[in-house]
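K.L.:
Start from the sequences, fold in the hints, and give me the full structure.
Which chain is which? The protein sequence lines are B and F, in order.
Position 94 of the first sequence, counted from 1, bears residue number 94 in the numbering used here, the numbering being contiguous throughout.
Position 153 of the second sequence, counted from 1, bears residue number 153 in the numbering used here, the numbering being contiguous throughout.
These aren't lab readings, by the way, just hints derived from the structure by calculation.
Treat each hint with caution, since some may be false.
Chain F is faced by these chain B residues, among others (derived, beta-carbon under 7 Å) [what the hints assert, rightly or not]:
no.	residue
1	Arg-116
2	Met-117
3	Leu-141
Quick caveat, the model's predicted, so the values are computed rather than measured.
All C-beta atoms in this analysis are idealised placements derived from N, C-alpha and C, irrespective of residue type, glycine included.
Listed below, chain by chain, are the residues.
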Amino acid sequence: MYTLGIDIGSTTSKCALMKDGKEIVATSLRVGGMGTDGPEAAITDIWARTYLTRSDVDKVIVTGYGRKNYEGADGEVSELTCHAFGGNYVYGNELRTIIDIGGQDAKVICMNDQGRMSNFIMNDKCAAGTGRFLEVMANILKMDINNLSDCAMQSTSPASISSTCTVFAESEVISQLANGVKRPDLVAGICESVATRVGALVRRVQVKEKVCMSGGVAANEYLRKVLGDKLGVTIEYDPLAQYFGAIGAAIYAYNKK
Amino acid sequence: MAEEVKKAPRPVDPNSAKYKLGKIAGDAYVNAIEAKKQGKPVAWVSSNFPVEIPETLGIATVYPENQAAGIAARGAGERMCDVAEAEGYSNDICAYARVSLAYAKLKECPEQDVAMPDVLLCCNNICNCMIKWYENLAQELNIPMIILDIPFNPDYEVSQAFIDYVGAQFWDAVHQLEEIFNIKWDDKKFEEVTGFSCRSSKAWLAATGEAHWTPSPFNGFDLLNHMAVMVTARGKAEAAEAMETLLKEYKENHEKGVSTFREEEKYRIMFEGIACWPYLRATSKGLKSRGINMVTTIYADAFGFDYSSFDEMIAAYCSVPNAINLEKARDKRVKLCKDDNVEGLLVHTNRSCKLWSGFMPEMSRQIGEACGIPVASFDGDQADPRNFSEAQYDTRVQGLMEIMESNK
Ligand code: SF4
Numbered sequence: 001m002y003t004l005g006i007d008i009g010s011t012t013s014k015c016a017l018m019k020d021g022k023e024i025v026a027t028s029l030r031v032g033g034m035g036t037d038g039p040e041a042a043i044t045d046i047w048a049r050t051y052l053t054r055s056d057v058d059k060v061i062v063t064g065y066g067r068k069n070y071e072g073a074d075g076e077v078s079e080l081t082c083h084a085f086g087g088n089y090v091y092g093n094e095l096r097t098i099i100d101i102g103g104q105d106a107k108v109i110c111m112n113d114q115g116r117m118s119n120f121i122m123n124d125k126c127a128a129g130t131g132r133f134l135e136v137m138a139n140i141l142k143m144d145i146n147n148l149s150d151c152a153m154q155s156t157s158p159a160s161i162s163s164t165c166t167v168f169a170e171s172e173v174i175s176q177l178a179n180g181v182k183r184p185d186l187v188a189g190i191c192e193s194v195a196t197r198v199g200a201l202v203r204r205v206q207v208k209e210k211v212c213m214s215g216g217v218a219a220n221e222y223l224r225k226v227l228g229d230k231l232g233v234t235i236e237y238d239p240l241a242q243y244f245g246a247i248g249a250a251i252y253a254y255n256k257k
Numbered sequence: 001m002a003e004e005v006k007k008a009p010r011p012v013d014p015n016s017a018k019y020k021l022g023k024i025a026g027d028a029y030v031n032a033i034e035a036k037k038q039g040k041p042v043a044w045v046s047s048n049f050p051v052e053i054p055e056t057l058g059i060a061t062v063y064p065e066n067q068a069a070g071i072a073a074r075g076a077g078e079r080m081c082d083v084a085e086a087e088g089y090s091n092d093i094c095a096y097a098r099v100s101l102a103y104a105k106l107k108e109c110p111e112q113d114v115a116m117p118d119v120l121l122c123c124n125n126i127c128n129c130m131i132k133w134y135e136n137l138a139q140e141l142n143i144p145m146i147i148l149d150i151p152f153n154p155d156y157e158v159s160q161a162f163i164d165y166v167g168a169q170f171w172d173a174v175h176q177l178e179e180i181f182n183i184k185w186d187d188k189k190f191e192e193v194t195g196f197s198c199r200s201s202k203a204w205l206a207a208t209g210e211a212h213w214t215p216s217p218f219n220g221f222d223l224l225n226h227m228a229v230m231v232t233a234r235g236k237a238e239a240a241e242a243m244e245t246l247l248k249e250y251k252e253n254h255e256k257g258v259s260t261f262r263e264e265e266k267y268r269i270m271f272e273g274i275a276c277w278p279y280l281r282a283t284s285k286g287l288k289s290r291g292i293n294m295v296t297t298i299y300a301d302a303f304g305f306d307y308s309s310f311d312e313m314i315a316a317y318c319s320v321p322n323a324i325n326l327e328k329a330r331d332k333r334v335k336l337c338k339d340d341n342v343e344g345l346l347v348h349t350n351r352s353c354k355l356w357s358g359f360m361p362e363m364s365r366q367i368g369e370a371c372g373i374p375v376a377s378f379d380g381d382q383a384d385p386r387n388f389s390e391a392q393y394d395t396r397v398q399g400l401m402e403i404m405e406s407n408k
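P.N.:
Structure representation (structure tokens):
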């Protein structure tokens with residue numbers, strides 16, 4: 001039985017096609033989330049890679065901020081539940097905490113020993129501590145967001161970005177650049193600022209190991225390391241991190257068959 | 001395009017609690033406007049000021065918080081906040097204060113007009129923002145302000161020294177009002193008023209307590225409307241009678257197996273914080289459509305003042321939710337959650353109310369732990385519509401529901 005999970009976020013769309021809720025047949029990611037052609041492009045990509053069509057798939061579940069406006073699915077479920085299923089799929093029942101830094105929010109999901117979400121906490125409405133903050137800063141520095149981590153690794157003395165407000169931090173970064181602060185130090189400071197903000201959120205639910213990160217920002221090794229140090233834990237990473245939502249939706253679809 | 005057919009609102013039975021309570025709340029505004037026309041004194045009063053004082057002295061009352069809630073619920077919160085902000089008030093200030101200060105300037109707002117005041121009766125047992133708000137009103141309107149200082153109580157119990165301090169101010173406020181308006185305090189009337197206030201409170205608390213039945217005989221959002229009477233008119237005979245009708249109806253609902261919550265009650269939650277008035281429909285729909293009944297909220301119970309002596313009355317005013325320490329505030333909520341078999345807690349992180357929202361992260365964590373229930377919070381505001389995102393609300397409520405479902 002094939003099931004498809006679609007995760008429509010604020011900046012990207014992800015899909016995961018699974019067989020019997022256990023085996024990942026294909027994944028796909030396209031830039032462009034809610035309100036763009038990103039979701040359709042990601043789905044078309046799945047069909048192209050698997051030579052399957054919609055009629056071969058038994059159930060489609062959509063998640064993410066765009067879930068309410070997407071009409072081609074058989075149901076929708078929150079990204080919180082999907083990330084929990086996705087995290088459990090990758091790490092099993094030992095996983096206790098998932099830290100997800102998405103495009104416009106950050107969430108911490110607590111898992112119980114049966115692999116289910118027992119509680120969650122999300123950031124307030126402010127963009128500080130979210131992927132959007134990193135995106136804005138990467139834009140100012142004219143850098144690809146995916147290169148922030150490598151650049152930060154070369155820092156010898158991370159700059160201090162004291163403003164949590166994205167708009168204030170923007171001008172702070174510009175003035176530090178003008179004052180000759182080295183780019184790696186600045187990038188490291190930017191990553192640390194996100195880690196500090198998210199760290200405070202995680203502490204509110206009392207972090208328990210095993211801890212992993214999901215979402216696009218999870219790939220930022222520098223940020224993961226700094227956040228782990230702040231919390232005194234090791235933060236696991238898996239290349240599927242960005243697909244937890246989509247994988248979770250496909251598993252949910254299978255469970256609801 | 002087909003013409004939209006508007007359904008005529010269902011007539012409300014004049015003997016029902018809903019009708020009686022709606023009428024009392026509406027009459028309070030009309031009576032104050034009438035008093036003003038007749039040259040009688042009108043006071044603007046903060047919600048947890050001892051209602052016994054103006055009621056006994058026969059001073060007509062207007063509750064600016066209540067007015068601001070009405071204005072916000074009718075969609076004019078932003079317009080009024082804009083007026084206050086243009087006057088130089090920061091948008092970080094409580095939106096009730098901004099709406100009220102805007103009204104003091106405009107002296108009209110079709111969404112909820114009120115009589116202008118001759119005196120301000122302020123009590124800081126809900127917050128200290130109240131003091132500055134009323135001081136500014138006093139200055140702008142050039143009228144006297146009487147303040148009853150009830151500081152935040154860091155202790156669990158209310159000490160006798162605390163009671164004496166507030167009790168003395170109670171009588172001082174009475175004497176000031178007697179002098180300003182040349183009126184006389186009447187002990188007999190005071191006794192009558194306290195009697196009604198306690199009767200209203202007893203019935204109100206018993207009515208909200210009917211939520212211990214599963215399913216609950218009422219939709220918790222009803223309380224948000226009905227409580228207006230507890231805020232503004234609890235010392236009146238009609239209020240006591242209407243609250244007793246409400247209690248009777250809830251009891252009957254339970255006996256007949258019906259409820260004012262029109263969906264199947266699948267989950268029961270406690271709602272924390274002031275209602276998000278500009279989005280009352282959206283916040284209510286997000287719950288109702290998922291079969292989630294908000295069965296209890298401390299916000300409603302906060303206006304039940306039951307006492308049997310003067311000192312107990314003062315102690316009750318010193319024990320309102322925003323004046324008590326974290327442990328006591330938590331214990332009250334844990335009791336409500338346990339009494340009413342609550343399965344989840346939804347917290348309104350109200351950008352207006354710093355005091356209330358400020359200690360919620362820790363308090364809700366402790367409540368969640370003590371009751372073994374999941375907690376979700378959302379950003380919003382009681383009157384400024386710019387601080388709410390429906391998508392954010394929806395995701396969090398859905399997440400909360402999914403945990404409650406998997407806990408079953
Ligand atoms: S800050 Fe909070 S307690 Fe104070 S007036 Fe505003 S809403 Fe009420």
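K.L.:
Could you check the structure against the hints above and give me the numbers of any it violates, in ascending order?
P.N.:
3
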